[in-house]
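So the sequences go chain by chain: R and H. Convert by adding 113 to the 1-based position in the first sequence; the result is the number in the working numbering. Convert by adding 569 to the 1-based position in the second sequence; the result is the number in the working numbering.
In short, the hints are calculated from the structure, not lab data. Only a predicted model underlies this, so the values are computations on that prediction, with no experimental measurement involved. Hints may contain errors.
[As the list claims (entries may be wrong)] Cβ pair distances, simulated, as ranges:
| id | chain 1 | residue 1 | chain 2 | residue 2 | range |
| --- | --- | --- | --- | --- | --- |
| 1 | H | Gly-713 | R | Glu-270 | 56 to 64 Å |
| 2 | H | Thr-849 | R | Gly-192 | 36 to 44 Å |
| 3 | R | Asp-352 | H | Val-792 | 43 to 51 Å |
| 4 | H | Ile-595 | R | Gly-192 | 19 to 27 Å |
[Stated by the list, open to error] DSS-like, lysine-lysine: derived pairs with alpha carbons at most 30 Å apart:
| id | chain 1 | residue 1 | chain 2 | residue 2 |
| --- | --- | --- | --- | --- |
| 5 | H | Lys-634 | R | Lys-345 |
| 6 | R | Lys-499 | R | Lys-284 |
| 7 | R | Lys-212 | R | Lys-169 |
| 8 | R | Lys-525 | H | Lys-634 |
| 9 | R | Lys-492 | R | Lys-391 |
| 10 | R | Lys-239 | R | Lys-265 |
| 11 | R | Lys-169 | R | Lys-469 |
| 12 | H | Lys-634 | R | Lys-355 |
| 13 | R | Lys-452 | R | Lys-469 |
C-beta atoms are modelled at their ideal positions from N, C-alpha and C, and glycine is treated no differently.
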Amino acid sequence: MKNLVLGAVALCSTALTPTLAVAQAEIQFWHAFTGRLGDLVAEQVETFNSSQSDYKVVASHKGNYSETLNAGIAAFRAGEQPNILMVFEVGTATMMSAKGAVKPVHQVMSEAGATFDQDAFIGSVKGYYTSTDGQMLSLPFNSSTPVLWVNKDALKEAGIAGDVDLSTWDKVGEVLDTLKASGNECPLTTAWQSWIHLENFSAYHNTPFATQDNGFAALDTELAFNSPLQVKHIQAMGDWAKEGKFFYAGRRNEGGANFRAGECALFTESSAGYAGIKNEAEFEFEVRPLPYWSEASGAPQNTIIGGASLWVMEGHDAEEYKATAAFLNFLSSTDIQAKWHQDTGYLPITSAAGDKTKADGFYNDNPGTDIAVIQMTAKEPTANSKGLRLGSFDQIRGIIDEELEAVWSGDKTAQEALDSAVERGNPLLRRFEQANR
Amino acid sequence: MEKRVRFNGWLLPLCLVFPQILISGIFFFYPAGQAIWQSMFIPDPFGLSSQFVGLGNFEFLLSDKYYLTAFGTTALFSTLVTIVSMVPALFLAVLADRLIKGASTYRTLLIWPYAVAPAIAGVLWLFMFNTRVGIVSWYLGQLGYDWNHVLNGEEAMGLVVVASAWGRISYNFLFFFAALQAVPRSVIEAAAIDGARFWRRFYTIVLPLLSPTTFFLLVVNIVYAFFETFGVIHTITSGGPQQSTTILVYKVFSDGFVGQDLGSSAAQSVILLFVVGMLTVLQFKFVEKKVHY
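Take the sequences, apply the hints, and build the full model.
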């Protein structure tokens with residue numbers, strides 16, 4: 114019935130204003146989401162398409178994050194690039210250096226005459242995707258930050274109080290001892306080890322991950338994550354792995370299956386794990402802020418984001434850029450963002466969306482869902498906690514993964530592994546610098 | 570006794586080989602030439618600019634100790650895959666050759682795994698050996714063995730070898746079986762009458778007669794292990810842990826398509842081209858001498 118009315122309205126308006134009868138501007142949007150997230154993206158696109166008749170967005174799934182980026186690059190080389198490409202945070206430096214392939218979002222907006230208030234976005238999310246002179250280059254889409262997920266039933270089984278203090282890693286260590294002693298086989302597991310235990314760890318403790326403000330200031334940046342604090346943390350994790358208190362499941366989010374099945378008591382994972390955990394977990398769970406080491410003077414600073422942003426590609430005509438601007442504005446509108454945040458556990462990218470979610474009573478009904486937001490926004494980001502902007506970073510993460518695995522298996526000490534990761538990663542940064550000189 | 574057809578003049582032979590030359594040119598020489606050309610540059614991923622570095626990419630590679638390790642890994646991997654896929658295939662073929670009843674059923678069943686795509690085979694084996702939910706790793710756990718190919722390089726290597734060789738056994742089986750059928754019964758019967766037992770007959774008659782097939786399969790399987798096992802490695806280990814399953818061709822992929830470092834990737838392709846070329850020459854020069862046609 115609703116469609117019928119809409120159709121009738123559309124028909125009338127077309128009849129009344131014949132100039133509108135020109136073909137809709139159609140734009141391509143390539144993304145990396147499947148499953149529930151894929152459905153939610155399709156829903157957003159559908160809402161946009163049916164909300165107006167000038168523009169049409171066609172969304173296509175192009176594989177996982179890396180595959181989507183590759184598809185976009187290959188398409189650009191062939192002159193077939195989409196209008197909007199989703200690129201994960203690791204590919205940010207690659208996209209930023211690709212002048213001539215991407216059109217900065219602020220420019221797209223101003224050329225299309227769209228209203229675009231950069232200050233509406235949450236600082237730590239925006240900071241990741243702005244140029245040094247404060248202009249937004251891409252539109253943040255899905256952003257999350259790591260938190261500590263707790264299986265309260267598992268704690269109870271080990272005789273630990275549900276409200277036990279888990280704010281610092283020392284405290285977590287004690288809880289792990291108790292869990293292990295009570296026979297728990299998976300006291301702690303993690304997803305995305307490099308992102309959580311080195312990248313975010315560094316920002317959270319206000320310690321540099323790389324020189325030149327983690328790559329924000331210049332291309333001649335060098336890795337710096339082998340300082341005593343990071344070594345201490347990785348060594349502690351390595352010791353826990355040896356003692357059977359930390360279970361390593363894999364490089365991505367393989368550990369999630371173990372946690373959701375109720376096998377693991379503690380789990381460091383993105384706040385966006387919410388949708389899956391809420392769906393599957395048959396135990397009482399809770400979100401806690403990411404722990405920190407109490408002896409670090411800067412901790413807790415703020416954590417940084419993971420996820421993806423939307424890049425507008427060059428080489429399309431003005432009408433399509435207008436459509437793009439309209440779609441991006443739609444995506445960052447308060448209602449859409451608030452819904453996205455509540456459905457997925459991703460952060461609201463604008464302060465208004467966060468406020469609306471609070472006003473809706475969502476945080477009261479779902480305790481803990483605001484912890485990620487608080488953790489990211491409690492403090493003004495420093496040069497060490499604004500984010501990372503390193504070239505070839507997907508590969509560097511691969512190197513870090515390998516070296517961390519060597520620590521978990523007991524082949525290397527944390528110091529050896531992190532030194533080696535720095536030593537192996539730096540030549541890649543030099544090659545990236547050379548390619549983008 | 571030579572049986573050769575001789576052509577007079579050049580035109581007809583040239584016309585006859587032209588299609589093959591054309592195909593080789595387009596699908597082999599042109600891309601290979603491109604790879605050699607690209608290996609001298611460091612381009613940015615989008616192809617907007619590139620820096621000429623001469624042999625810089627090769628220098629960078631050869632000073633990377635993980636790249637050099639990948640040669641060893643590749644040698645070990647392809648040797649293991651070749652052995653694991655050929656020996657059981659021969660064994661099964663010999664058994665199937667002696668079957669009297671239901672031979673065709675057995676044959677069909679043994680050929681089945683070949684129909685499974687490498688990436689899917691990878692996922693199947695991954696499920697069976699998954700460290701938490703895998704059925705095989707669960708049984709191993711019951712026996713007191715803690716299987717964890719995510720952290721243990723040797724177990725990871727074992728797993729990718731088995732997963733790569735598994736489907737290949739069918740392929741090799743097919744060739745061995747056909748070759749066994751072609752061994753003249755009269756020769757074997759004569760040997761049997763002379764009192765040669767099964768093993769002696771197998772060792773002195775069958776195996777030498779199989780040598781052309783064995784040689785063919787050796788070459789084909791090494792090429793397979795070098796180039797086509799990519800899907801299995803990608804799905805099971807992604808080259809880890811600590812690069813213990815990163816073979817050369819996987820590194821070409823991960824540097825080029827994950828790292829967007831196309832210059833290094835092109836240089837690796839050139840090196841790989843050279844290595845496989847040398848390997849084939851060596852095989853034909855030395856191993857083929859032992860083959861009786």
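Evaluation of the provided hints:
For H:Gly-713 and R:Glu-270, the hinted distance range of 56 to 64 Å is not satisfied, since their beta carbons lie about 25 Å from each other. Between H:Thr-849 and R:Gly-192 the CB atoms are about 38 Å apart, so this pair conforms to the stated range of 36 to 44 Å. Our hint of 43 to 51 Å for R:Asp-352 and H:Val-792 holds, since their Cβ atoms are close to 46 Å apart. At about 22 Å, the CB distance of H:Ile-595 to R:Gly-192 agrees with the hint of 19 to 27 Å.
Distance restraint check for H:Lys-634 and R:Lys-345: the Cα-Cα separation of roughly 27 Å lies within the 30 Å cut-off, and the hinted pair is therefore satisfied. Taking the CA atoms of R:Lys-499 and R:Lys-284, the gap is about 27 Å. The hint holds against a cut of 30 Å. The straight-line distance between the Cα atoms of R:Lys-212 and R:Lys-169 is roughly 27 Å, inside the 30 Å bound, and the hint therefore holds. Of the pairs offered as hints, the one joining R:Lys-525 and H:Lys-634 holds, with about 17 Å between alpha carbons and a cut-off of 30 Å not exceeded.
For the suggested pair R:Lys-492 and R:Lys-391, the alpha carbons sit about 29 Å apart, so the restraint of at most 30 Å is met. For the hint pairing R:Lys-239 with R:Lys-265, the CA-to-CA distance comes to about 34 Å; that exceeds 30 Å, so the pair is violated. Of the supplied pair hints, the one linking R:Lys-169 and R:Lys-469 holds, its CA atoms being roughly 28 Å apart against a limit of 30 Å. Pair hint H:Lys-634 plus R:Lys-355 holds up; C-alpha atoms about 28 Å apart against a cutoff of 30 Å.
Taking the CA atoms of R:Lys-452 and R:Lys-469, the gap is about 10 Å. The hint holds against a cut of 30 Å.
Hint compliance for this structure: hints 1, 10 are not met, and every other hint is.
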